[in-house]
Amino acid sequence: MGRFLLSRLGDGIVAIWGVVTIVFVVSRLLGDPAILLLPVGATEEQLQALRAGLGLDRPIWEQYVTFLGGALRGDFGQSFQFMRPALSVVLERMPATMALAGSALLVGVVLGCVAGSMAALFRGTIVEGVVMLLALLGQATPVFWLGLLLILLFAVDLGLLPTGGYDGPMSLVLPALTLGTFTTASIARLLRSGMLDVMKDDHVRTARAKGLLPGTVFLWHIARNSLIPVVTMVGILAGELLGGSVVTETVFSWPGVGRLIVQAMEAKDFPVVQAGVMVIATIFVVINLFVDLLYGLLDPRIRARR
Amino acid sequence: MRAVWQALTRRSGWLGLFGATLLVVLVLLALFGPWLDLPDPTRTNLRARMVGPTITWFSLGAHPLGTDQLGRDILSRIVAGSRVTLMVAGAAVLLGGVLGTLLGLISGYFGGWVDRILMRLVDIQLALPLMLLALMVVAALGPSLRNLIGVLALVSWVRYARIVRGQVLAVREREFVQSARAIGASHSRIILRHILPNVLTPALVVATLELARVIVLEAGLSFLGLGIQPPDPSWGRMLADGRTYISSAWWIITFPGLALMLTVLAVNLLGDWLRDFFDPRLAVR
Numbered sequence: 001m002g003r004f005l006l007s008r009l010g011d012g013i014v015a016i017w018g019v020v021t022i023v024f025v026v027s028r029l030l031g032d033p034a035i036l037l038l039p040v041g042a043t044e045e046q047l048q049a050l051r052a053g054l055g056l057d058r059p060i061w062e063q064y065v066t067f068l069g070g071a072l073r074g075d076f077g078q079s080f081q082f083m084r085p086a087l088s089v090v091l092e093r094m095p096a097t098m099a100l101a102g103s104a105l106l107v108g109v110v111l112g113c114v115a116g117s118m119a120a121l122f123r124g125t126i127v128e129g130v131v132m133l134l135a136l137l138g139q140a141t142p143v144f145w146l147g148l149l150l151i152l153l154f155a156v157d158l159g160l161l162p163t164g165g166y167d168g169p170m171s172l173v174l175p176a177l178t179l180g181t182f183t184t185a186s187i188a189r190l191l192r193s194g195m196l197d198v199m200k201d202d203h204v205r206t207a208r209a210k211g212l213l214p215g216t217v218f219l220w221h222i223a224r225n226s227l228i229p230v231v232t233m234v235g236i237l238a239g240e241l242l243g244g245s246v247v248t249e250t251v252f253s254w255p256g257v258g259r260l261i262v263q264a265m266e267a268k269d270f271p272v273v274q275a276g277v278m279v280i281a282t283i284f285v286v287i288n289l290f291v292d293l294l295y296g297l298l299d300p301r302i303r304a305r306r
Numbered sequence: 001m002r003a004v005w006q007a008l009t010r011r012s013g014w015l016g017l018f019g020a021t022l023l024v025v026l027v028l029l030a031l032f033g034p035w036l037d038l039p040d041p042t043r044t045n046l047r048a049r050m051v052g053p054t055i056t057w058f059s060l061g062a063h064p065l066g067t068d069q070l071g072r073d074i075l076s077r078i079v080a081g082s083r084v085t086l087m088v089a090g091a092a093v094l095l096g097g098v099l100g101t102l103l104g105l106i107s108g109y110f111g112g113w114v115d116r117i118l119m120r121l122v123d124i125q126l127a128l129p130l131m132l133l134a135l136m137v138v139a140a141l142g143p144s145l146r147n148l149i150g151v152l153a154l155v156s157w158v159r160y161a162r163i164v165r166g167q168v169l170a171v172r173e174r175e176f177v178q179s180a181r182a183i184g185a186s187h188s189r190i191i192l193r194h195i196l197p198n199v200l201t202p203a204l205v206v207a208t209l210e211l212a213r214v215i216v217l218e219a220g221l222s223f224l225g226l227g228i229q230p231p232d233p234s235w236g237r238m239l240a241d242g243r244t245y246i247s248s249a250w251w252i253i254t255f256p257g258l259a260l261m262l263t264v265l266a267v268n269l270l271g272d273w274l275r276d277f278f279d280p281r282l283a284v285r
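From first to last, the protein sequence lines are chains V and W.
All residue numbers for the first sequence refer to UniProt numbering, where the first residue is 1 and numbers rise by one.
All residue numbers for the second sequence refer to UniProt numbering, where the first residue is 1 and numbers rise by one.
It is worth saying that the hints were derived from the structure and are not from the lab.
A hint or two may mislead.
What the hints assert, rightly or not - Label pairs and their computed distance ranges (CB to CB):
1) V:Pro95 with W:Ser247: 38 to 44 angstroms
2) W:Arg146 with V:Gly129: 43 to 49 angstroms
3) V:Gly165 with W:Pro230: 48 to 54 angstroms
4) W:Arg174 with V:Phe82: 48 to 54 angstroms
5) W:Leu200 with V:Asp197: 26 to 32 angstroms
6) W:Ile55 with V:Asp157: 19 to 25 angstroms
7) W:Arg116 with V:Leu297: 40 to 46 angstroms
8) V:Thr216 with W:Leu94: 49 to 55 angstroms
As the list claims (entries may be wrong) - In silico SDA-like pairs for lysine to any residue, Cα to Cα no more than 20 angstroms straight-line:
9) V:Lys200 with V:His221
10) V:Lys268 with W:Tyr245
11) V:Lys268 with W:Asp37
Said to hold, decoys possible - Sample of chain V residues at the chain W side, in silico, Cβ under 10 angstroms:
12) Gly12
13) Val23
14) Ser27
15) Ile151
No residue lacks a Cβ here, since even glycine has one placed at the ideal position from N, Cα and C.
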């Protein structure tokens with residue numbers, strides 16, 4: 001287990017280093033930050049002075065090393081808008097994003113598992129048909145449209161829930177449902193097909209034959225064995241959730257990191273964009289590390305193979 | 001062709017048939033939209049702002065799906081938007097597919113350090129949520145149609161590379177490849193004539209599933225104002241514009257989203273069916 005952990009940790013670190021490099025390259029594509037920073041009509045001397053101050057007159061590899069060192073220390077420079085370190089601006093918005101992505105994941109896993117199990121248990125009945133139809137629609141509905149429709153129905157027409165903002169648990173309901181729908185649909189489909197496969201296995205027939213209660217067979221012999229692909233899927237879906245939160249937060253005016261990144265982009269506040277992207281990528285890598293470890297715990301054969 | 005038709009009309013295949021039909025209708029609509037005698041999608045008419053849908057069971061009326069906040073006809077904007085969307089997504093999937101397949105072929109065939117570097121790149125790119133990567137690159141390069149296609153191609157090549165590489169690893173050791181090598185065929189000949197035909201099918205399946213993802217991504221970027229730029233109509237942009245008027249004109253956001261959902265649904269259904277038809281092993285992703 002120790003070696004497995006180390007090699008996965010190494011992969012994760014390489015991935016984060018790669019993301020830092022991508023962010024660096026993209027930030028150099030953006031053009032001269034000095035021109036963006038100074039007001040229009042600044043003199044050539046002022047530009048030169050600022051470039052020297054920012055280290056932009058150094059060779060590109062030296063700038064890269066400096067950037068890498070800064071990223072390692074969590075230093076992405078000052079936010080142009082807030083005049084504070086970019087990372088602290090991003091971290092302030094983190095709880096809101098975590099609350100949203102976390103509840104969306106919870107909604108997705110719980111609803112998805114219930115729906116998927118129902119579809120597998122009631123195979124060939126109307127229950128399976130309805131669940132699968134909803135899952136197909138759920139996977140095809142873009143996050144931002146679903147958000148708008150839910151606002152239209154629950155906030156504008158029925159007046160039950162707020163249209164957006166960050167104000168108590170009621171304001172979390174619609175964003176979480178919106179963001180969680182794709183996850184729900186994906187998990188339901190995956191769990192159903194996984195369960196149908198496991199149900200055909202010999203060990204399930206044996207369990208039934210020796211007279212175990214149907215509930216026991218389902219929980220310990222079918223459900224447990226169908227969960228492994230679902231765990232991997234959660235790792236993949238974490239990326240969709242974090243990416244989807246950018247749009248969901250914009251739709252619901254949710255003060256999270258995703259909306260901050262979009263706003264920072266409009267304001268050309270690149271340190272905040274870089275810090276935000278790095279934080280989200282790091283979280284994603286860490287989640288996938290956990291998923292891999294969990295995967296190893298659930299199925300010892302996987303550990304042996306690596 | 002007959003086998004495909006039979007598989008489509010089998011009980012498990014009717015969803016795929018439905019998807020394929022829907023997609024054909026959408027493509028025809030996009031192609032022949034300009035000849036449909038619809039109002040100009042960019043013509044504003046301030047006296048007909050936010051007119052509700054006029055469609056009934058018996059007639060279409062002046063604006064079947066209503067007009068938006070500037071009095072533009074929503075149906076014509078949806079049809080015009082489908083042209084842009086399908087063109088951008090199609091070009092991106094083609095470009096990303098060619099690039100990804102090529103790199104997957106090279107990676108799988110030559111192995112060694114080329115393979116290690118390419119697969120590391122794939123891992124790194126998968127560590128960045130697509131939406132963020134696309135946002136960053138579009139913000140850096142500016143939102144033009146060409147940049148948009150480039151960005152979408154860039155974010156989608158990894159999946160082809162991964163699947164194609166896996167397939168190449170299996171095909172590389174087969175006897176016909178070994179014998180081609182034995183009679184002295186060059187690497188490029190072996191790759192293009194002997195291996196490529198064997199990896200095209202999985203690449204096609206990935207392309208279909210990727211098309212849906214790219215369409216949603218493009219709409220998302222346009223929704224955030226970083227995708228297709230006005231005056232070109234786009235579904236994502238229509239949704240963003242309609243957001244402000246959500247409490248007074250439900251139709252502005254409803255119909256473009258419906259078009260988007262139906263398109264993605266059609267592509268997904270076709271993709272699922274293709275995957276099951278060609279290679280059920282790909283089913284668990």
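Hint check:
no.: 1; hint: V:Pro95 with W:Ser247: 38 to 44 angstroms; in the structure: 30 angstroms, violated
no.: 2; hint: W:Arg146 with V:Gly129: 43 to 49 angstroms; in the structure: 44 angstroms, holds
no.: 3; hint: V:Gly165 with W:Pro230: 48 to 54 angstroms; in the structure: 28 angstroms, violated
no.: 4; hint: W:Arg174 with V:Phe82: 48 to 54 angstroms; in the structure: 60 angstroms, violated
no.: 5; hint: W:Leu200 with V:Asp197: 26 to 32 angstroms; in the structure: 28 angstroms, holds
no.: 6; hint: W:Ile55 with V:Asp157: 19 to 25 angstroms; in the structure: 21 angstroms, holds
no.: 7; hint: W:Arg116 with V:Leu297: 40 to 46 angstroms; in the structure: 28 angstroms, violated
no.: 8; hint: V:Thr216 with W:Leu94: 49 to 55 angstroms; in the structure: 52 angstroms, holds
no.: 9; hint: V:Lys200 with V:His221; in the structure: 11 angstroms, holds
no.: 10; hint: V:Lys268 with W:Tyr245; in the structure: 28 angstroms, violated
no.: 11; hint: V:Lys268 with W:Asp37; in the structure: 43 angstroms, violated
no.: 12; hint: Gly12; in the structure: 8 angstroms, holds
no.: 13; hint: Val23; in the structure: 7 angstroms, holds
no.: 14; hint: Ser27; in the structure: 8 angstroms, holds
no.: 15; hint: Ile151; in the structure: 6 angstroms, holds
The structure shown violates the earlier hints numbered 1, 3, 4, 7, 10 and 11.
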